[in-house]
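Put chain V on the given structure of chain Y with help from the hints.
Going line by line, the protein sequences match chains Y and V.
Heads up, the first sequence is in the working numbering, so the first residue is 1033 and it goes up one at a time.
Heads up, the second sequence is in the working numbering, so the first residue is 104 and it goes up one at a time.
Simulated from the structure, these hints should not be mistaken for laboratory data.
Note that the Cβ used here is the ideal one computed from N, Cα and C, for glycine as well.
Accuracy of the hints is not assured; some may be wrong.
Calculated pairs, SDA-like style, for lysine to any residue (alpha carbon to alpha carbon, straight line, at most 25 angstroms) [said to hold, decoys possible]:
(1) 243/V x 1206/Y
(2) 243/V x 1152/Y
(3) 236/V x 1130/Y
(4) 1152/Y x 110/V
(5) 280/V x 153/V
(6) 236/V x 1157/Y
(7) 1097/Y x 119/V
(8) 243/V x 1192/Y
(9) 243/V x 1130/Y
(10) 1127/Y x 126/V
(11) 1040/Y x 1124/Y
On the chain V side, residues computed to face chain Y include the following (Cβ under 10 angstroms) [unchecked claim]:
(12) 114
(13) 117
(14) 124
(15) 125
(16) 129
(17) 138
(18) 142
(19) 145
(20) 149
(21) 156
(22) 188
(23) 270
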Amino acid sequence: MSLYQEFKRGLWKENAVFRLLLGLCPTLAVTTSAENGLGMGLATTFVLVGSNIVVSLLRQLIPSKVRIPAFIVIIASFVTVVQLCMEAYFYDLYKALGIFIPLIVVNCVILGRAEAFASKNSLLPSMADGLGMGTGFTLALFVLGAVRELFGSGTLLGYAVFGSSYQPFLLLILPPGAFIAMGLLLAAMNRLDARRR
Amino acid sequence: MNGLPRLIITLTLITVGAGLLLSLVESMTRAPIAEQRRLETLRALQTVLPAFDNSPDADSVNLVAGHDKKGRELQRTFFRGRLDGAITGFAFTVVTPEGYSGNIGMMVGVDPDGRVVGLEILNHAETPGLGDKITRSEFKSQFKGKTLDGVDWRVKKDGGDFDQITGATISPRAVVKAVRQGLQFFHDHRAELLADGANQ
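Next comes chain Y alone, as it looks inside the complex:
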């Protein structure tokens, strides 16, 4: 498979959130606004690409018996790097995402890609895979965040869209709204997919 195909796979066909339904905990929790979704998605993408690169480079050296602890140490290091850099340079985003940044460690998309792809493939395909999966994850979080923000608070990326007479549909911002919005988006995507076949 070409690098482009490795990249493209994560966008739609094997989209982590909408197709594989992986990493749903951070997805549902942080997507109260489009900006939060985007920030969380980019942070996850960085960790995903970084851990895929390192795991792929070290794949011959890591004995399979200790591969899981080794992967987790690598992933956790990248997460801490992201957390420190975000606190230093994107303080507002850091405050908004709060507790969910450390939790990127346990996002099963990342360990899943390290285990299923990077530990078996060479550097370039692993990078492409991490980038594709990360971009797909970011897109999914952005779309979900945008939908919830648009109807839940009447804004998009902080800008008022509907004017002051709009009564926000508060449920969408609250936790149950995350499940409902996610379900509706999944249904829409399945329908789209069925049409294309």
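Okay, now just chain V, sitting in the frame of chain Y:
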């Protein structure tokens, strides 16, 4: 080299590498992070204090506000705003655990007579769309000009003077109570704070 030693050595090397990387990043980001936190305090000070021309974050007094369970002193910091050397106001932080979820941290600014100049919510985890309206200026501005005496420090639902938020009474109630307690503390130590300032 196979078996157990190899497992141990590989894992050790990976963790040592991770440790080195992290200490490097930590040392690079330490200064910017401290600066971000300082800027955040300064931003809050600017909104709650009357006009000042000093740096209040460098001109502060610590007072003992009580003792925790182990008998250690709990300190409360007062930032002093000055214009031409004369004190124009004090700012202090209050934290309340009585919000709907988690602590609400806020900064209160008062003039030397104890009149509230401004209120800023520093951190909270209230429900988005409901309790988080305590960060809106309509809510915060009603504290402006209030004093400890002559004001009923309760939300209107409880018979007091402060507007609550439709659908969320717990968060405003917690904020009002915390601000009142902060003012009480300021009132009790006002002489001390002002006297300390006059020496400089």
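The hints, checked one at a time:
no.: 1; hint: 243/V x 1206/Y; verdict: 24 angstroms, holds
no.: 2; hint: 243/V x 1152/Y; verdict: 57 angstroms, violated
no.: 3; hint: 236/V x 1130/Y; verdict: 19 angstroms, holds
no.: 4; hint: 1152/Y x 110/V; verdict: 19 angstroms, holds
no.: 5; hint: 280/V x 153/V; verdict: 23 angstroms, holds
no.: 6; hint: 236/V x 1157/Y; verdict: 47 angstroms, violated
no.: 7; hint: 1097/Y x 119/V; verdict: 19 angstroms, holds
no.: 8; hint: 243/V x 1192/Y; verdict: 22 angstroms, holds
no.: 9; hint: 243/V x 1130/Y; verdict: 24 angstroms, holds
no.: 10; hint: 1127/Y x 126/V; verdict: 23 angstroms, holds
no.: 11; hint: 1040/Y x 1124/Y; verdict: 32 angstroms, violated
no.: 12; hint: 114; verdict: 5 angstroms, holds
no.: 13; hint: 117; verdict: 5 angstroms, holds
no.: 14; hint: 124; verdict: 6 angstroms, holds
no.: 15; hint: 125; verdict: 6 angstroms, holds
no.: 16; hint: 129; verdict: 6 angstroms, holds
no.: 17; hint: 138; verdict: 8 angstroms, holds
no.: 18; hint: 142; verdict: 8 angstroms, holds
no.: 19; hint: 145; verdict: 13 angstroms, violated
no.: 20; hint: 149; verdict: 16 angstroms, violated
no.: 21; hint: 156; verdict: 26 angstroms, violated
no.: 22; hint: 188; verdict: 32 angstroms, violated
no.: 23; hint: 270; verdict: 8 angstroms, holds
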